[in-house]
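Turn these sequences into a full structure, and let the hints steer you where they fit.
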Amino acid sequence: MAYNILIIDDSFIVRSVLKKTLTLANVDVEDLFEADNGVEALEIMAGMSIDLIFTDINMPKMGGVELVQTMHKDSLIKDIPVVVISTEGSITRVNEMTKLGVQAYLRKPFTPEGIKKVVEDILGDKSCG
Amino acid sequence: MDDNYKTVLETVVDDVFTNMAFLFCDPIENNIDIHKYDGKAARMIFHGVVNGSMIAWLENSIIHEMTTNILGIDDDAKLSDAELEDALKELLNVLVGQFLVAAVGDKPIFDLSVPLILTSEKTNVDKLWNSSKSIKFMIDDRPLIINFHCERDNNDY
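Quick note, the sequences are listed as chains V and Z, same order.
FYI, my numbering numbers position 104 of the first sequence as 104, with every residue one higher than the one before it.
Whatever position you read off the second sequence (first residue = 1), add 129 for my numbering.
These are computed hints drawn from the structure, not numbers from a lab.
Remember, it's a predicted structure, so these values are computed and weren't measured experimentally.
Every residue, glycine too, gets a C-beta built ideally from N, C-alpha and C.
Accuracy of the hints is not assured; some may be wrong.
As the list claims (entries may be wrong) - Derived BS3-like pairs (lysine-lysine); straight-line CA-CA distance at most 27 angstroms:
hint, chain 1, residue 1, chain 2, residue 2
1, Z, Lys265, Z, Lys165
2, Z, Lys165, Z, Lys207
3, Z, Lys236, V, Lys19
4, V, Lys19, V, Lys116
5, V, Lys20, Z, Lys207
6, V, Lys117, V, Lys19
7, V, Lys116, V, Lys20
8, V, Lys61, V, Lys78
9, Z, Lys236, V, Lys99
10, V, Lys116, V, Lys78
11, V, Lys99, V, Lys73
12, Z, Lys207, V, Lys117
To be verified - Short derived list, chain V residues pointing at chain Z, Cβ under 7 angstroms:
hint, residue
13, Phe12
14, Gln69
15, Ser90
16, Thr92
17, Asn95
18, Leu100
19, Ala104
20, Leu106
21, Pro109
In structure tokens form, the structure reads like this:
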């Protein structure tokens, strides 16, 4: 099964590295979508079926916390698994995000092994080749 | 700069450059003429149990090398200003995040600004270089400056 993955980060560099990491990890990707912020991400989610989201927290227009809170209120998208990738290392923040349904929280700089593990944990062992 | 923060920041800078940019920082041993070098700076502000800001100024070729290293592309790849500035902002973002946890622990939540590139008019390299709030490194004879300012709000950390 191939997956639609949405990467949300205002940094082009981070999005590029994450895309490359997913390729190197042999994640079975149908389509990769990119958004600069939460507002763009919600627009993509309105038109596409997304299987997994990677999002930063600190972004212009709409950050990751507000995005997850907004998704939590929308029955059509609230069950999409979300992985937060952020520089923020506050346990309090991690707990807050986990309560909103975030499935995993990785700190920047992330490693390919860390990305592969969360993808396998969320989508299953067969998601990576 | 508070000596404890300075020590923490030196360690964080070294770790982040090594692990994220694959570049190795050496402490400055001799005074250099900073005016010989062209660079770019980015600034980020944070609010929480401590409030403050951090500025990273890097000599241009360090930014280029760091960006190609992060992207895993050829050293001599042509990169746009937007790509180089994006890498500098992301580096600062990681520095601030790692520093705050290392300095005050992982319980407090911080409100972090989006990193912004400082225009050359607003960047006084002389002032940054001579500031007591700056720590300075060399990477293969090219300078970088991290300027850090903070105020403690309370004693909860």
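Hints versus structure:
Restraint check for Lys265 (chain Z) and Lys165 (chain Z): satisfied, since their Cα atoms lie roughly 16 angstroms apart, inside the 27 angstroms limit. Distance check on the hinted pair: Lys165 (chain Z) and Lys207 (chain Z) sit about 23 angstroms apart at the alpha-carbon level, within 27 angstroms; holds. For the proposed pair Lys236 (chain Z) and Lys19 (chain V), the alpha carbon gap of about 31 angstroms is over 27 angstroms, so the pair is violated. With a C-alpha separation of about 12 angstroms, the suggested pairing of Lys19 (chain V) with Lys116 (chain V) holds against the 27 angstroms cut-off.
Note on Lys20 (chain V) and Lys207 (chain Z): the hinted pairing holds, with a Cα-Cα distance of about 19 angstroms set against a maximum of 27 angstroms. A hinted pair counts as satisfied when its Cα atoms are at most 27 angstroms apart, and Lys117 (chain V) with Lys19 (chain V) qualifies at roughly 15 angstroms. At most 27 angstroms may separate the alpha-carbon atoms for a hinted pair to count; Lys116 (chain V) and Lys20 (chain V) meet this at roughly 12 angstroms. About 20 angstroms separates the Cα atoms of Lys61 (chain V) and Lys78 (chain V), which keeps this hinted pair within 27 angstroms; it holds.
As the CA atoms of Lys236 (chain Z) and Lys99 (chain V) are separated by approximately 16 angstroms, the hinted pair is consistent with the 27 angstroms bound. Only pairs whose Cα atoms come within 27 angstroms are accepted, and Lys116 (chain V) paired with Lys78 (chain V) is accepted, the gap being roughly 23 angstroms. For a cut-off of 27 angstroms, the pair hint linking Lys99 (chain V) to Lys73 (chain V) stands: about 13 angstroms separates their Cα positions. With a C-alpha separation of about 33 angstroms, the suggested pair Lys207 (chain Z) and Lys117 (chain V) falls outside the 27 angstroms cut-off, and the hint is violated.
Using the Cβ-Cβ criterion of 7 angstroms, the hint placing Phe12 (chain V) at the interface with chain Z is satisfied: the shortest such distance is roughly 5 angstroms. At a threshold of 7 angstroms, the smallest CB-CB gap from Gln69 (chain V) to chain Z is about 15 angstroms, leaving the interface hint violated. Using the Cβ-Cβ criterion of 7 angstroms, the hint placing Ser90 (chain V) at the interface with chain Z is satisfied: the shortest such distance is roughly 5 angstroms. Given the 7 angstroms rule on beta carbons, the hint for Thr92 (chain V) holds: about 5 angstroms separates it from the nearest Cβ of chain Z.
This hint is violated: Asn95 (chain V) has a C-beta 10 angstroms from the nearest C-beta of chain Z, more than the 7 angstroms allowed. Because the closest C-beta pair between Leu100 (chain V) and chain Z is about 14 angstroms apart, greater than 7 angstroms, the hint is violated. At its closest, the beta carbon of Ala104 (chain V) sits 17 angstroms from a beta carbon of chain Z; the interface hint therefore is violated under the 7 angstroms criterion. Using the Cβ-Cβ criterion of 7 angstroms, the hint placing Leu106 (chain V) at the interface with chain Z is not satisfied: the shortest such distance is roughly 12 angstroms.
Against a cut-off of 7 angstroms between C-beta atoms, the interface hint on Pro109 (chain V) holds, since the closest Cβ of chain Z lies about 4 angstroms away.
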